[in-house]
Amino acid sequence: MPHVAEWKKDEVANLKDLINSYEVVGMANLADIPAPQLQQMRRTLKDSATLKMSRKTLMSLALNDSEKAQIENLEDYMEGQPALIFTNMNPFKLYKILESSKTPAPAKAGSIAPEDIIVPKGDTAFKPGPVLGELQKAGIPAKIEKGKIVITNDKVIVEAGEVIPRDVASILTRLEIFPLEVGIDLRAAYEAETIYTSDLLTVDEEKTLADVQKAFTQALNLSVEAVIFNKESTPLIIQKAVSQSLNLALNAEILNEKTRDVLLAKAYAQMLALASEVSAKDENAVDDELKE
Amino acid sequence: MEYIYTAMLLHTTGQEISEENVKKVLEAAGAEVDEARVKALIAALEDVDIEEAMEKTAVAAAAPVAAAAAPA
Amino acid sequence: MEYIYTAMLLHTTGQEISEENVKKVLEAAGAEVDEARVKALIAALEDVDIEEAMEKTAVAAAAPVAAAAAPA
Amino acid sequence: MEYIYTAMLLHTTGQEISEENVKKVLEAAGAEVDEARVKALIAALEDVDIEEAMEKTAVAAAAPVAAAAAPA
Amino acid sequence: MEYIYTAMLLHTTGQEISEENVKKVLEAAGAEVDEARVKALIAALEDVDIEEAMEKTAVAAAAPVAAAAAPA
Amino acid sequence: MEYIYTAMLLHTTGQEISEENVKKVLEAAGAEVDEARVKALIAALEDVDIEEAMEKTAVAAAAPVAAAAAPA
Amino acid sequence: MEYIYTAMLLHTTGQEISEENVKKVLEAAGAEVDEARVKALIAALEDVDIEEAMEKTAVAAAAPVAAAAAPA
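Chains as they are written, first to last, in the working numbering: chain A, 1 to 292; chain B, 1001 to 1072; chain C, 2001 to 2072; chain D, 3001 to 3072; chain E, 4001 to 4072; chain F, 5001 to 5072; chain G, 6001 to 6072.
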């Protein structure tokens, strides 16, 4: 590497070392993270991952110079203020940790709304004044009520994927609505010749939970339906057998120790039902006992 | 209640709920027969759909059961 | 349900639920009598306190009936 | 319930629910066989679509009482 | 379901649910007996409280009666 | 349930649910393989539409009261 | 669902749901293994209590029965 300052050579060598000694290398974007939060996140990651900020050119050099196949493609994911993350954790887990450490941040003019930004109906802290006009101008339904500015309806002020306009950003901040998230934004991660982009890395735990329950239900259904006996299915198969047998006995009016009370009760209930219809027509058609 | 059971019995066996039949069953069951009540019963049942009236128990009953099952 | 209704009828009139009585009532109601089912009925009810069985359910059954009747 | 289970068993294996078969199964299961109950079982099932009766919840029977539980 | 009906039948008659008994009943019911399924049935029942499993159903189908008893 | 999961797994990957395959998967999963249960599994699944059986709620069958919710 | 079934299988046999084990089972079941999905599965399951999820399913299934009986 001619024409390169000594410190830069050291830095590239250092990065290469890290690249070669960890199984997973992530490319993150640290843009917009305030310094204290970044400190906090470094502490969170301390034992599980190493975060390294550097110049884009140096990171490119290190990636291209590594003997790990395909890893140079990570440079395609340099965005904003890129940084490399080194870890031996499963990249999905790394992504999950990083996502969960993100914190809410104020709206910024020109950024993209990650989801619908809603201004909820209700009181505001604002006293009547010019702010009412600003709210209305930003498209927020507001009026004065009992000496306060009140938002009259829930309002989607910016839809997901739309750019946040300047006046809206400032109003949202004044309303203390923080629709953005800041944190280490993992754009892609490399492991064993594969690059996982952030869309792949998104793990849907709710779906996984639902799938686990679905699998269990399917297994129960199949074992009951096919009459395969195991610890879980056998009580259900017994219940199915008993329930079918009781149904048959009750429907065919077969008296035995399990059905007789129910059948007697059925007769009695039917009698009372019919009696109430009859006595509605003519009280004298039923005996005194039934009139009460 | 014996008058009602008698009506249900005749209904189930598919016999007419007539004065004669009602009396015959009641007597077989050892009941003292009150002519006026027999007449009143038969008149009252003329406008009643027995099958439906008896089923009402079931329907009324089925509702709370449904309710109980619903939140699950 | 004719066998059950017959049992309830006899119970209500205070008669014994015997083979003879059950048959008499069923015949009066125009039913074809199946000896085996009569015997089974009597056997099944032998150890049963009908009053109790009814009362248990009775209270129970009465409630929905009343409820059902009201809106009708 | 042994008579019912026997009927269900014979129905499932596709055998006729005849006196002979019912007795054979009950005996194999170590039950004392009561001729009258066997006959009553067969008589009761004669006009019944077993498949349908198995799946049809005896709502009327079971439910009225369940209903009672609710308002209590 | 013939295996489970057999088990229920033996349970009801108070017989042991052993390979031998299960086979005897199944054969009496005219079923082709699959040794492996018999073994699987018996193994599975070792960990199951039949009475408890049955009670749960009984509760559903019949026990409303018991429930009704409480407020009475 | 390991036998069922194995069957479902093989079904999903489109492999035959044969003794050999079931054993291979169970062993890979670190299970002790019981030959009888493998055979019972295969016998039980022979005539079953696995896809359909997996989706058919078995539990509703076990809960007659839930069934009662549909009064029809 | 083959990845989930594999996880459930390993859970049932008491084996660790590790990359190695998941791959081993999937391969035994004749599945083509997608490394990324294996890793995703494991990451997702780290925060899912399978035992609890199963309990909840079982409870939900049993609920209608309990519910019907309970209101007393």
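Just to be clear, a hint being listed does not mean it is correct.
Taking lysine-lysine and the BS3-like style, the derived pairs with C-alpha atoms no more than 25 Å apart in a straight line are [said to hold, decoys possible]: (1) E:K4024 <-> D:K3024; (2) D:K3024 <-> C:K2023; (3) A:K137 <-> A:K127; (4) A:K56 <-> A:K46; (5) A:K102 <-> B:K1023; (6) C:K2039 <-> B:K1024; (7) D:K3039 <-> C:K2024; (8) F:K5039 <-> A:K231; (9) A:K127 <-> A:K102; (10) G:K6023 <-> F:K5023; (11) A:K56 <-> A:K127; (12) A:K258 <-> D:K3039; (13) B:K1039 <-> B:K1023; (14) E:K4023 <-> D:K3024; (15) F:K5039 <-> F:K5024; (16) D:K3039 <-> E:K4039; (17) C:K2024 <-> B:K1024.
Quick list of simulated restraints, FRET-style, between CB atoms [as the list claims (entries may be wrong)]: (18) G:D6034 <-> E:E4019: 44 to 50 Å; (19) E:G4030 <-> B:E1046: 49 to 55 Å; (20) F:E5051 <-> A:T44: 57 to 63 Å; (21) A:P114 <-> G:S6018: 46 to 52 Å; (22) A:E283 <-> B:E1051: 48 to 54 Å; (23) C:A2043 <-> B:K1039: 33 to 39 Å; (24) E:S4018 <-> G:K6023: 41 to 47 Å; (25) F:E5052 <-> C:A2043: 22 to 28 Å; (26) F:E5052 <-> A:A160: 37 to 43 Å; (27) B:E1051 <-> D:E3035: 33 to 39 Å; (28) E:E4035 <-> G:E6016: 31 to 37 Å; (29) E:G4030 <-> C:A2043: 25 to 31 Å; (30) B:E1051 <-> F:V5048: 35 to 41 Å.
Simulated from the structure, these hints should not be mistaken for laboratory data.
Just so you know, even glycine gets a beta-carbon here, dropped at the ideal spot from N, CA and C.
Status of the hints after comparison with the structure:
For the given pair, E:K4024 sits about 10 Å from D:K3024 by alpha-carbon distance, which is consistent with the 25 Å threshold. A hinted pair counts as satisfied when its Cα atoms are at most 25 Å apart, and D:K3024 with C:K2023 does not qualify at roughly 30 Å. Under the criterion of a C-alpha separation no larger than 25 Å, the hint pairing A:K137 with A:K127 is consistent with the structure, at around 17 Å. For the hint linking A:K56 to A:K46, the alpha-carbon distance of about 23 Å falls within 25 Å, and the restraint holds.
This hinted pair does not check out: A:K102 and B:K1023 have alpha carbons roughly 86 Å apart, beyond 25 Å. Simply put, C:K2039 and B:K1024 have alpha-carbon atoms about 23 Å apart, close enough for the 25 Å limit, and the pair holds. The straight-line distance between the Cα atoms of D:K3039 and C:K2024 is roughly 20 Å, inside the 25 Å bound, and the hint therefore holds. The straight-line distance between the Cα atoms of F:K5039 and A:K231 is roughly 18 Å, inside the 25 Å bound, and the hint therefore holds.
Of the pairs offered as hints, the one joining A:K127 and A:K102 is violated, with about 33 Å between alpha carbons and a cut-off of 25 Å exceeded. Of the supplied pair hints, the one linking G:K6023 and F:K5023 holds, its CA atoms being roughly 16 Å apart against a limit of 25 Å. Our distance criterion of 25 Å between C-alpha atoms is broken by A:K56 and A:K127, whose separation comes to about 49 Å. About 19 Å separates the Cα atoms of A:K258 and D:K3039, which keeps this hinted pair within 25 Å; it holds.
A C-alpha spacing of about 10 Å is found between B:K1039 and B:K1023, which places the hinted pair at or below 25 Å, so the restraint holds. The hinted pair formed by E:K4023 and D:K3024 meets the criterion: a straight-line CA distance of about 13 Å does not exceed 25 Å. For the hint pairing F:K5039 with F:K5024, the CA-to-CA distance comes to about 14 Å; that is within 25 Å, so the pair holds. For the given pair, D:K3039 sits about 34 Å from E:K4039 by alpha-carbon distance, which is inconsistent with the 25 Å threshold.
With a CA separation close to 10 Å, the supplied pair C:K2024 and B:K1024 stays within the 25 Å bound. The beta-carbon spacing between G:D6034 and E:E4019, approximately 45 Å, falls within the hinted interval of 44 to 50 Å. Our hint of 49 to 55 Å for E:G4030 and B:E1046 holds, since their Cβ atoms are close to 52 Å apart. For F:E5051 and A:T44, the hinted distance range of 57 to 63 Å is not satisfied, since their beta carbons lie about 46 Å from each other.
Between A:P114 and G:S6018 the C-beta distance comes to about 34 Å, which lies outside the given range of 46 to 52 Å. The given range of 48 to 54 Å is broken by A:E283 and B:E1051, whose C-beta atoms sit roughly 23 Å from each other. Between C:A2043 and B:K1039 the C-beta distance comes to about 38 Å, which sits within the given range of 33 to 39 Å. Roughly 43 Å separates the CB atoms of E:S4018 and G:K6023, a value that falls within the hinted 41 to 47 Å.
Separation of F:E5052 from C:A2043 is about 43 Å and departs from the stated range, judged on CB atoms against 22 to 28 Å. The given range of 37 to 43 Å is respected by F:E5052 and A:A160, whose C-beta atoms sit roughly 39 Å from each other. Between B:E1051 and D:E3035 the Cβ separation comes to about 35 Å, which falls inside the hinted range of 33 to 39 Å. In this structure the supplied range 31 to 37 Å holds for E:E4035 paired with G:E6016, their Cβ-Cβ distance being about 35 Å.
Under the hint 25 to 31 Å, the C-beta atoms of E:G4030 and C:A2043, about 28 Å apart, fit the expected range. The supplied range of 35 to 41 Å is met by B:E1051 and F:V5048, whose beta-carbon atoms lie about 40 Å from each other.
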